[in-house]
Each structure stands twice: as structure tokens, then as C-alpha cells.
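Novice: Heads up: the sequence shown runs through residues 287 to 765, numbered per this note's numbering.
These aren't lab readings, by the way, just hints derived from the structure by calculation. Just to be clear, a hint being listed does not mean it is correct.
As the list claims (entries may be wrong) - In silico lysine to aspartate or glutamate, DMTMM-like type, Cα no more than 20 Å apart, as pairs: (1) Lys635 - Glu658; (2) Lys325 - Glu666; (3) Lys635 - Glu513.
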Amino acid sequence: MAVTLRFLGAADTVTGSRYLVEADGARVLVDCGLFQGYKVLRERNRHPFPVAPESIDAVVLTHAHLDHSGYLPALVRDGFAGRIIATPGTIELCRVMLADSAYLMEEEARHAAKRGWSRHRDPRPLYTSADVKATIPRFAELDFGGSHAAARGIDVRFVHAGHILGAAQVRLEAGGRMLHFTGDLGRRRDPLMRAPADLEPCDVLVTESTYGDRRHSSEDPADRLGEVITRVTGRGGVVLIPAFAVGRTETVLLHLSRLADRGELPDVPIYLNSPMAVDVASIYERYPEEHRLGHDELTRMYRLATRITTVDDSKLLNLRGGPMIIVSASGMLTGGRILHHIRAYGPDKHNAIVLTGFQAGGTRGAALVAGERSLRMFGEEVPIRAEVVMIEGMSAHPDADEIMQWLRGAASAPGETFVTHGEAHAADALRARIKHELGWPARVPEHGERVTVGAPDERIGTDAAAAAAGSVTAIDASI
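Given the sequences, and given the hints that come with them, work out the whole structure.
Specialist: Now the structure itself:
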């Protein structure tokens, strides 16, 4: 029985993770993420889904970040009625993250309509809180290590990925073939999360390549963070730290807490202004087997910052002035309360904006890294005179060398490797290293491409990669 794999997202970008596996009439979607960054990518979120949502039997999630889960409410609204299979930790986080995503979309639409800065006469959110409410009952738990029938003839198993709480590598068995999806991998020596599980034998590997063309700095990110905070607060400035509410916020708080324990953190107020981050604090305590922190360190970490929950308290922070530290979402400045703080404090040269992870192309964070000193937000141009600091070593993604080290630990070479979830240069750089250093067949698929995975005794394929693998060939690059 032939199995087809279609790349409906993350094939020419680092966002919008969506992979459709079809076997004997059954359809399973691995991840259902939002496209982010460049407008041409964001507009894909408004396009009709490439296949009828009602024709999909199940969705399997690698983890809760919105570029992997954030399109789910739209898929359910448009007709998907199957199960959404995920780890218990991912489900808990999705309940919080999807609700927050809908709220921000609704708030942005209301603000745009009120202020008139949208080109649409009646701006509407991609989906609503009601859509999220209809989505949550569709979730079905699957623990790590357990196997379950996702659809007729397609079984799923989760293995640890590290990265964030609940994150899984997905193994799908269909038609006698094993397809392995890394999702977003974590790092072997991450200070917060445990290392990803080793790569088990598979016929097809779909791997992320977020940092496929670079190496993380060898400097200690805590030392770098402490140096910036000491310098900026010493001149009375405000340190703004945009951070994803799940994963990155915890890492930032952990570094701040350890700096404080060593007496290396200035005695200035620290504010955590991210309602979603506040909501997920207790979730980490319920899954101690997935991370490296004990109860006492978790408690100290979260007690370090004053948690801001109300809109009024958030607004007051913009009137307070420095010195102080504000940790707030979103990490790439695509939305959230951090934008209001950027508008308030970004124009002042005494302040600093500290970016702590990957900034996808087309986001405001990427613009700052590229040297832009004016950001458009809320229908206006905001000048940025604050110091901009990038600390890449805090990323929860492995760099190119770490990915290669993980791949070398595989018990056997996959029949074919597809390099996805990376900007074009990053994906191609990793493809080249896999091919030349490991000798594995590897390539970067195109958006919308479909490949056929043959049964173990079949020999399908005419292109070079398929001939080498003996089992995979591209048959259609259009949808």
C-alpha cells in the first residue's frame, strides 16, 4: 500500500507547520500551525485549506507553539470533526495558548476598526474565542511511548523532543512504512528542558532546520543577560525582553533567578506582563519528568517577578519609567502587550530591547536584528532609539552542529530525509551537511509538494533522491 506525504506548510519557511499523510483513504494531519512573518506567508492563513477539513480523520500535534497548533480553531470551524491527538502537556498548553491567540486576534480587529488603520472596511479575526471553545473538546491524550490508531491503517507514537513542555517527535506507521517527524527539537544541554530522545529507525525523516545554517554563541546567555541588565538599569533605563509565553519566558526567568542567587542581578523591579505565561506557571509543576527543575527552583523562579494580569496594570507600567525589567510576549514582536511597551519605551536611547531567540523573516523582531530603527505598529511608525541586543544562545532550538550530532546518533540512516521548518538558506545548508557529512539522501521540499512512500518491497522513483532511497519520489508539486 502506497503512502503519500504532502507538505502543506513549513516547506519554504520556518512557520506554518502542516504535513498531510494519506494511506488507503485515511488522512492524518501532522501539526496545524499558523503562518507568521512576511505578509505573503500570513495571507496563507486566510486561504481555504488545501484539502477539505472534513476529509481529515485526525490531527496529530508535535507541540503547542502557534506555528504548529494555531490554525486548529479555523480547521474545526471549517468542518474538521476528528480527534486532535497530543501529549497531556501539549493539551494543557493549547487550552491556554489558543484562547490567548483568539483574544489577541479579536482585540486587534476591534482596535483596527476603531482606529481605522486596517485596509479592510470590517476587519475580522482569523478565528474567534467561540471557535476555540469548539476546538478544545476535540483533543485526545496520548502519553509518550504509547501507540494509538490515529486513523484506519495509521498508528501514532510520541517520543520526547525536549524544546517545551509536552513537545514530541511524532512517529507514524502506515502501509508498513515508518515516518518520523521531529517537530521542534530541544537542545541536549538546555537548562530547562530534558534532551530529545534519539532518532529511531525510520523510512522517512522530516526534520526541522530553524538554525540549520548557524551555530549558537558559546558565551553564557545568563552572563550576557546580566551584563546588559546591569548596564542599562545602571543608567536608569528599562530593559524590555520579548519572550514567547511558553518556553522562552521560563528560560528567561530561570536565568534571572540564577543571576539573583549569585548576587549578579541589580536590585530593580522585574515584571512578567504576559497573562498566558502566568497561566502556564503551574503546568510546569505538574510535569516534573519533562524538565530539569525541582520544586524549589521553580518556586524561586516565578516569585522573582511581579505578575501583571490586568490591562490597567499593564498600562501603568508604561508610565512608571526605569529602572526596571519587563518580560512580555510575543517573542518576535508579532503581537501582544510587548508592543505597547515598545511604543512607550522604544524611542528612548536609555532603554534596551533584548531579543532572546529566533526572529522569523518578516517579523518586527527580525527587522530590529537587521538594523531597522522604526517599527510600524497600531497604524503608526514608532522610532526605535533604544539599544537592541540579540542573545541567540537562549534559543530552545538546536543549532546546526547540535542537529548533526543528534542525526549521527541514529541507529540507521532513514531512506529519505526532508529538511523543513527553516528559512531557505538554513534548510538548504542543513540539507547539504546531511548529504555530504552523513551520506544520506536529503532534500528540501517545496510548499505544496506531494511525495509517495512505497511499501517495503516496492521500488518507486525516478529522481536521484528516490533512486538512492528506493522508496520515495516526488509526484506532484501542485495542489
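Novice: If any of the earlier hints don't hold here, list their numbers in rising order.
Specialist: Result: no hint breaks.
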